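In terms of this note's numbering, the sequence shown opens at residue 1 and continues consecutively.
I should point out that these hints are in silico values taken from the structure, not numbers from a laboratory.
Don't take every hint at face value.
Stated by the list, open to error - List of simulated lysine-lysine pairs, DSS-like, C-alpha gap at most 27 angstroms:
#1 39 to 65
#2 98 to 65
#3 23 to 39
#4 89 to 23
Values in this document were obtained by computation on a predicted structure and should not be read as measured data.
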Amino acid sequence: MGNGNRNDNVDPLGEREYPIEDKNLTEEQNEHLTASLRKVRDMPNAPAPLQDLARQLLSGRMELKDVLDSPAGHRALGEGLAPLREQWKNMSPQERQKVREYDPDEDPQGGGAVRDSRIR
C-alpha cells in the first residue's frame with residue numbers, strides 16, 4: 001500500500017487521516033470501514049478508547065489486522081461493544097430479526113442501524 005492514495009485531511013488533534021486500504025478487503029469494504037471509523041471517531045457518546053482506536057486506524061498508526069493483538073485495541077472493542085451487547089440482550093426476538101434483515105442501502109434516511117427509541 002503506497003502513500004499515493006492517502007489524503008491530507010487533518011483531524012482536530014492534528015493527526016493525518018488516511019482511508020483504510022486493507023488488501024484483504026474490497027474497495028467498497030475499505031470505503032465503508034473508513035466512513036464507519038470516521039463516524040465512531042466523531043461520535044460524542046462513543047467511549048473514548050473506541051474513538052482513540054478509530055483515530056489510530058485512520059492515522060495509520062495501527063493496522064486493522066493488529067487491533068485484537070493490541071491490549072488497548074482489544075479493550076476498546078470490548079468496552080465499545082458492551083452497550084450494544086446489552087441492547088441486543090434487551091431486544092425481543094422480532095426486534096433482533098429486524099436488525100438481522102436491515103439493509104442500510106434500502107433505508108431512505110441512511111444510517112447504520114434500525115432505528116429504535118431505546119438505542120441512543
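Taking the hints in turn, this is what the structure says about them:
1. With a C-alpha separation of about 20 angstroms, the suggested pairing of residue 39 with residue 65 holds against the 27 angstroms cut-off.
2. Distance hint between residue 98 and residue 65 is unfulfilled; the C-alpha atoms sit about 30 angstroms from each other, more than 27 angstroms.
3. Taking the CA atoms of residue 23 and residue 39, the gap is near 22 angstroms; set against the 27 angstroms cutoff, the hint holds.
4. The suggested pairing of residue 89 with residue 23 is violated, with an alpha-carbon distance near 35 angstroms, which exceeds 27 angstroms.
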